[in-house]
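Just so you know, this note's numbering puts 10 at position 7 of the sequence shown, and the rest follows in order with no gaps.
There may be inaccurate statements among the hints.
[What the hints assert, rightly or not] Label pairs and their computed distance ranges (CB to CB):
hint : residue 1 : residue 2 : range
1    : Asp241    : Ala154    : 30 to 36 Å
2    : Asn226    : Leu26     : 42 to 48 Å
3    : Asp145    : Asn226    : 42 to 48 Å
4    : Asp106    : Glu242    : 29 to 35 Å
5    : Ser360    : Leu103    : 17 to 23 Å
6    : Lys355    : Lys175    : 36 to 42 Å
7    : Glu324    : Asn243    : 49 to 55 Å
8    : Asn45     : Leu103    : 21 to 27 Å
If you are wondering where the hints come from, they were derived from the structure by calculation, not from laboratory data. Glycine included, C-beta positions come from ideal geometry on N, C-alpha and C.
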Amino acid sequence: MSLQQFDIQKKILWHTDRLNSWLKDETVYPITIEIDPSNACNESCIWCCWEDHRKGADVMDKELLEKIIKNLAKVGIKGLIWTGGGEPLVNKYTVEYMKLARDLGMENGMFTNGILMTPEKIPTIVECCTWIRISLGTATSDTFKKCHGTADFEKIIENIKEFVRVRKNMNKTISIGLSMMVHPDNYHELYEEAKLAKKLGVDYFQGKPLNQIGSENSEWWNNEVVPLFKKAKKSLEDENFKILTSQYTQDKYGEKGTEFIEAITPSLSACEEDKKCYVHNFVTAITADGNVAFCKNLRDKEEFIIGNLKTQNFEELWNGEKRKKIIEKINANKCGVFCQNGKLNELLRYMKKPDGSKHPNFL
Numbered sequence: 004m005s006l007q008q009f010d011i012q013k014k015i016l017w018h019t020d021r022l023n024s025w026l027k028d029e030t031v032y033p034i035t036i037e038i039d040p041s042n043a044c045n046e047s048c049i050w051c052c053w054e055d056h057r058k059g060a061d062v063m064d065k066e067l068l069e070k071i072i073k074n075l076a077k078v079g080i081k082g083l084i085w086t087g088g089g090e091p092l093v094n095k096y097t098v099e100y101m102k103l104a105r106d107l108g109m110e111n112g113m114f115t116n117g118i119l120m121t122p123e124k125i126p127t128i129v130e131c132c133t134w135i136r137i138s139l140g141t142a143t144s145d146t147f148k149k150c151h152g153t154a155d156f157e158k159i160i161e162n163i164k165e166f167v168r169v170r171k172n173m174n175k176t177i178s179i180g181l182s183m184m185v186h187p188d189n190y191h192e193l194y195e196e197a198k199l200a201k202k203l204g205v206d207y208f209q210g211k212p213l214n215q216i217g218s219e220n221s222e223w224w225n226n227e228v229v230p231l232f233k234k235a236k237k238s239l240e241d242e243n244f245k246i247l248t249s250q251y252t253q254d255k256y257g258e259k260g261t262e263f264i265e266a267i268t269p270s271l272s273a274c275e276e277d278k279k280c281y282v283h284n285f286v287t288a289i290t291a292d293g294n295v296a297f298c299k300n301l302r303d304k305e306e307f308i309i310g311n312l313k314t315q316n317f318e319e320l321w322n323g324e325k326r327k328k329i330i331e332k333i334n335a336n337k338c339g340v341f342c343q344n345g346k347l348n349e350l351l352r353y354m355k356k357p358d359g360s361k362h363p364n365f366l
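Hey, can you work out the whole structure from these sequences and the hints?
Okay, structure coming up:
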């Protein structure tokens, strides 16, 4: 496993049928959908980017979840990421409908804080998910309480131990990772959390920067954080355990900020006049109140909601007038510079408007 694990420029090449349909201006349905079964959360993280979005504390009911899962399977969605919003396991039906999604041919992944990974739920999660990433974020209970607002550090550690044990006993290959949002209040524990992750028997540790605009501090990242990554990579990494960051770290901090790890795909020389976003054709999000977002990163913006699955089905919304109007007005160049889909959009722009001056017939 390397940072290439998160390189969606390469991943989308598995889906040439949808790419070909898209290039012919045919309607394509997403490959991946992030689903928020709950906006309620049992933590209060100091870096939460969905704090305002969570104020309604919506939780999907069983009927809506079932309708959505069956609807998504019908239109050919490949992967569901159970996330938030809030904490996905706050919804008592999440694990049940992960199983339904798996039975209907979709793959599951989940972001969770790990507090509600009970012994009763863990076997089904292990059985039904391709991967899970647990946002531990610290290496000590004191720092955890300061950053996450709860005293559940030891509980999460025990849940992770149980998860790893069950995976082994069930002989499953689900990928397990621990993640840290690297913040001035917790970065000093980066190496120790990576060390803890390896001790717990998970597959990787991922440290990633805050993705909000205005949180860029290159001097701090390069001088304080990067040395900790280097130390962890040198002393902890082996064939069974990897040290990773996120794909937008390079966009945020440049080559120096990611010199500790194999870089992701370099930027393509796409048409600068093309201001469209094409990624929305392949990945989006459904919120806890049933809204379908034009873009997963704009799920909290009312003007980018294309409709609600309580009253319509996904196929109707996806082909509806609201989405068409947003497509016409969207300017991807004004979106957040740290969009994790930015490099995929570069590839799609290049495919849509290839540069013939690059001698394409000479490979």
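Hint by hint, here is what the structure shows:
Range check, Asp241 to Ala154: about 33 Å between beta-carbon atoms, so the 30 to 36 Å window is met. Judged by the Cβ atoms, the range 42 to 48 Å given for Asn226 and Leu26 holds: they are separated by roughly 45 Å. In this structure the hint that Asp145 and Asn226 lie 42 to 48 Å apart at CB is violated, the actual value being about 25 Å. Range check, Asp106 to Glu242: about 33 Å between beta-carbon atoms, so the 29 to 35 Å window is met.
The given range of 17 to 23 Å is broken by Ser360 and Leu103, whose C-beta atoms sit roughly 50 Å from each other. Separated by about 40 Å at the C-beta atoms, Lys355 and Lys175 satisfy the suggested range of 36 to 42 Å. For Glu324 and Asn243, the Cβ-Cβ distance of about 51 Å falls inside the hinted range of 49 to 55 Å, so the restraint holds. Between Asn45 and Leu103 the beta carbon distance is about 24 Å. The supplied range of 21 to 27 Å therefore holds.
Against the hints set out earlier in the document, violations occur for numbers 3 and 5.
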